[in-house]
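If you're matching them up, the sequences are chains A, B and C in order. Sequential numbering of the first sequence, starting at 597, is according to this note's numbering. Sequential numbering of the second sequence, starting at 3, is according to this note's numbering. Sequential numbering of the third sequence, starting at 8, is according to this note's numbering.
Hints are computed from structural coordinates only; laboratory data are not their basis. Don't be surprised by glycine CBs; every beta carbon is placed ideally from N, CA and C. A few of these clues could be false.
Distance ranges between label pairs, derived from CB positions [as the list claims (entries may be wrong)]:
| id | chain 1 | residue 1 | chain 2 | residue 2 | range |
| --- | --- | --- | --- | --- | --- |
| 1 | A | ASP818 | C | TRP272 | 32 to 42 Å |
| 2 | C | TRP272 | A | ARG733 | 53 to 63 Å |
| 3 | A | ARG625 | C | HIS61 | 22 to 32 Å |
Where chain C lies over chain A, by a calculated footprint (3+ residues, C-beta under 8 Å) [stated by the list, open to error]:
| id | region |
| --- | --- |
| 4 | 772–786 |
| 5 | 789–797 |
| 6 | 808–818 |
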Amino acid sequence: MAEDDAIAEQTPGTAAASADESVDVPFERPTVDVDVACVGFGPATAGFLTTLSRGMAADPELASAAMPGCPPQVVCYERADDVGFGVSGVVTRGRAIRASFPDFDPAQIPMAVPIRKEKLVYLLDPVGASRRQLGLRALDGLLRFVRPIARMQQDAVEIPWIPKFLRKDEGFVLSLGQFNQWVAGQLLAVGNVQVWPATPVGEPLVENGRVRGVRLMDQGTDREGRPGPGFTPGMDVRAALTVVGDGPVGAVSQQLDAAFGMPQGHERHAWALGMKMVVDLPEGVDLEPGAVFHTIGYPEPEIFGFFYVHPAKVASVGIFVPSSFDNPVRTVWRYLQHYMQHPYLWRYLHGGRLRSWGAKSLEESGQRGEPRLAIDGCARIGEGSGTTNVLTGSGVDEAWYSGVLLAQGVLELWRARRPFTRGNLDAAYVARRRGSWLDSEARVAVHARDGFERGFFRGLAGMALAGLTRGRLHLGYAPRPRRVRSLEEVYRGKLSARVIEALREDCRLRNRPLHDTVMRCCGWPEIPYDNQLLMTLQDALLLGGKVHAPAEGCRDHVRFRDAQVCRACEQRTCVEMCSGEAIHLGEDGLPEFDREKCVHCGACLWNCTEIDEEGQANLVFGAGAGGLHSAEN
Amino acid sequence: MSTETVLYLAHPEADGALSRHSLEALAVAQSAAATLGATLVVGLFGADVRAAANAVGACGARRFLAVQGPEFATPRYATDTAAVEALARAAEATVIVGAHTSRLARVAAGAALRLSGCVDTHAGSVTAGADGLAVTRWFYKQRIEGDVRRSQRPWIVLVDPGAAEAYAKTAANVASEIVTVAATNNRTQTVGLREPGAGEQTIRPEAELLFVAGAGWTRRQKDGQPHTEEAERLILDFVRASRASLGSTKSLTDISGEGQAVLHCLSHLNQVGQTGSTPRHAKGLSTCCHGEEPHVVGWRFIRERRAVNLDPNCGWARGKADVLYVADAFAVMRELNRLLAAQ
Amino acid sequence: MNPLHIVVCGSVVPDPLQTLEPVTTAAGPELKNEMLLPAVLDPWAACSLYEAAHLAQLSSGSRVWLVCLGPKAKVQQAMMSLAQKAAFELVLLDGPAHGFADAHVTAEALAAAIAGLAGLDRTHLLLFGGWESASRGQGVTLQMVGERLGITDQFQGVDRIALGDDGSFEVIERVEGGKHLVSRCDGPPAVLGWATGERGEPRNDPQMGMKNMRVLLPALQKAAPVAVSAEGLKYEGVRVPTQQRQTRIVKDMSPEAIAQELLAWMQ
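Isolated chain A, as found in the complex (with noise of 0.2 Å):
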């Protein structure tokens, strides 16, 4: 209780609403009733919305408090321009999707197959320019020495066994895009439930320590959400139940957390940014559907990749860069070029064309970052509620049964009239996830990836610890937190802090990000572009990235606070790893967002490192329309 005390103590929603909230205007906003209200079409949310609409239809006892007569009225908020936009790919076990779906059956869903073959390969370096430690240079240099006898080939060897809590048996290979488009299809085909994408929620509505709803973002602002012409307040959707499934950077999640704060000794440190490529695979590969390549070893030690192909001669490529790996000039675009050329998926990928580009951040704190899951009239669930699992590197399916678990603690309330208050919904959700596999599986993970904090071959250690002893014995390494090494520490012997000033001078003079000019000394070839796999980032962003954003009216959902905290800045890694370089360098040399460049991975809002006293980023990540408009991703 008296941690119920302190929170209803606190003025709700102040934090972050001071960056994010909508303007204050004599308009009269509109207001409407529902039932329940929910924050974002993901996986979490689509299951959330199914096993809901599905229990709907099976008890047509239950009806709407919002609107009396009618059945309970359920809408779901979409930032993203289409229900198959801003997602990605996964090869996923599957359990709870199957488990929705007893009869699912991949050939129903465009790019979707059964697993096939499954592979963990270790990927040497084939160009002498990776960060290796002496450990792992010895590793590369035993292995070459050993070849035949490591079954070594094309700079890379295939672990002959794969560890049963990373193996995906039984499972499929998906376009999220395409998967989502498939159960929007489904729900709206019923239509006990309605989703609306492009229409992004600018803010919980929280009132005395309680959630009331959302309000949907303002339109017709200027970029700095100022009314404009035509100016449209946003609409407020009170709902006695508000479902919160907005991702890893949600711009609701993030102002619940302010206003609530985090769960005793829970915080989200770990993450990882994701960029991937669909490709069309060329002529002559014949590559069985269903194959799955996982890498690790290239093109740093710290980097993880994936491979895999979907029907029709279709392939995902890959990497994760984590947040581990502490590089301030890290480019994940430059990463995923070299990662592509490694012999061992180039002759795969060479002549192949792009298809669709995308990125995304990913939480990667697992149960350490869950915040709190039930507040009085909302609950949080998919990968903003801590589901994804990093041992088993899986999150879709988790993030998805985690809906399923919230749905059926709803469809129980609903049956027994009872409200959704915090003690509820602890009792009909929280407890059911808490006994769950999920929690399970989660309380496993915990340390899985803390190893990785110390180094490459720790964190493989810490994974086998956590995997094979079920999570009981574990390194003992915490994650940091939010910090980025200096340019010096992470290329000690490889760039004296002489050589590094030169490089910030030419760059500063050219106003131009470090990390091109960083990777060229330190080895990394030119990337021959060839304007089908090979090209920058610009070019990326036309042809595979599919980017749009409105040309006006809504307010820019990436914004800087404070100019001068962004002048002292020595990193900048916002403007470094900025996925579609949206975040570039102005002419004052100070930090501009062009929302037209921008895919929403949410990579900056971890990487701003300029935090005030209240923990609060100087960068802030809110509510935005548009992104990239690929369905394939």
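Chains B and C: place on chain A using the hints.
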């Protein structure tokens, strides 16, 4: 001998003459008729088509048909459809070729239906061979092209500008057969043409050069400030001095459409690209454009392309322009205007 | 002002940012992976729908229908965005809407559906649509639908309509040289094929969306399959045109020198 009869369909402009585009369509009709061994018939409609008929009098047509009178002076669906139908019936046409003008595009489909025939528009080329006639036309806003054959007759084909070199023989007096048209409804009256405002510049099909302004003109320049007034002056000075056609990218017209203080000289009429026009000019100069795919599709018919952009990684640099000058368009256009003024 | 009965013909096209590639099937050419591509209402048809919704608000008793021939799954998807922007009743014919489907049979199916609309008063009918589509791009379907419905006042490339109190209206159409042709019509029935209009995309109205969806869902569920096969039409081939140029990149030339080179090139 072919069983086809090719009707060349056209209307004179306000000055009584046929447009260059119409004369290009005549060349297409002539070529198709010749290859098919078909009879060529000329069918004209308008207030007074005598001058136009004489202008094409030496084209080798077997017959010259005319629908004329004050009710055909200006474009109007009811009268124009009736005119096209009457000409086609009088000619016993199986293939009807005309230019894709706004006037013919308005009525071609309706007329085809009345004739129990079929229609294709935006033809880039018409080829005739031993196996008959094929029309090459665009789909998906110039992003896919396809070759179409139809067995149904009559087949009305409207050709886009540039499908052939315009017919250019000297005039020869001809006596046209006057075709009468049954009375039509007169519920619509033409009020007249509304010209763009004084000084307003738009896509002008007759211009040699297309000048396209990209969104970079409205962005902040080196001093951290936008210079839209100067941008507008530079652009308009250049367009006036060079008599170029003025186009813009979608992003720029989107901005100006919202009435913000940007380039007032640009509206949707200037828009080149997927949701705008696909003009045909011999040369195109792009300034401050990134070269995005939806925009570049509008350049498909621009033969020689040059671009000025500060970004060497700009989309034009990769196989879209012949020459990309990496330079400040403000500085280049200032110089270019100075040179043009000195001429 | 008299009530208007506005029927908008329009279908879905791939989201404009998608990369398109044709494939040839036994049934003729189609778009590769068409069902994978996100769909939107054709941009010109959308303009006409927004105009229709606006006009309907001006005179009470007016109705707006969207009559759409397209694949049900894709139309359904497009409705999720569209329903928040304009109020309309939907009539869906479940059939192909790709650019290679024939306009003539499409027009026949649409005209039959419109002729069968319950409550439609043809003396109040304005038949709207895009002047072309972003798929077939012929600009012929709407005229043929109008002809089949016996409407002989037709306008194409419309940017504006001004309604008079007596039911008459003035309309401006895009013609060559950036000009507009101004015409006056005694009143409905008439066909208006819209260019972009002047209204722009309306803001999302979530309340309208929720109300609309209650009408749209039954219409989507009722959608009947329509066979659209064209007799006598044959595609010899379809392809993506190749236009790769060898770009000369000039980096270190002064503005003066560039201007001189450009002038020489222009002349």
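Each hint, compared with the structure:
Roughly 40 Å separates the CB atoms of A/ASP818 and C/TRP272, a value that falls within the hinted 32 to 42 Å. The hinted window of 53 to 63 Å between C/TRP272 and A/ARG733 holds, with their beta carbons roughly 56 Å apart. A beta carbon spacing of about 23 Å between A/ARG625 and C/HIS61 agrees with the range 22 to 32 Å that was offered as a hint. Coverage of the region 772–786 of chain A by chain C holds [criterion: at least 3 residues with CB-CB distance below 8 Å; count 6].
Under a criterion of three residues with beta carbons nearer than 8 Å to beta carbons of chain C, the stated coverage of the region 789–797 of chain A is upheld, 6 such residues being counted. Proximity of the region 808–818 of chain A to chain C, defined as three or more residues with a beta carbon under 8 Å from a beta carbon of that chain, is established by the 3 residues found.
Hint compliance for this structure: no hint is broken.
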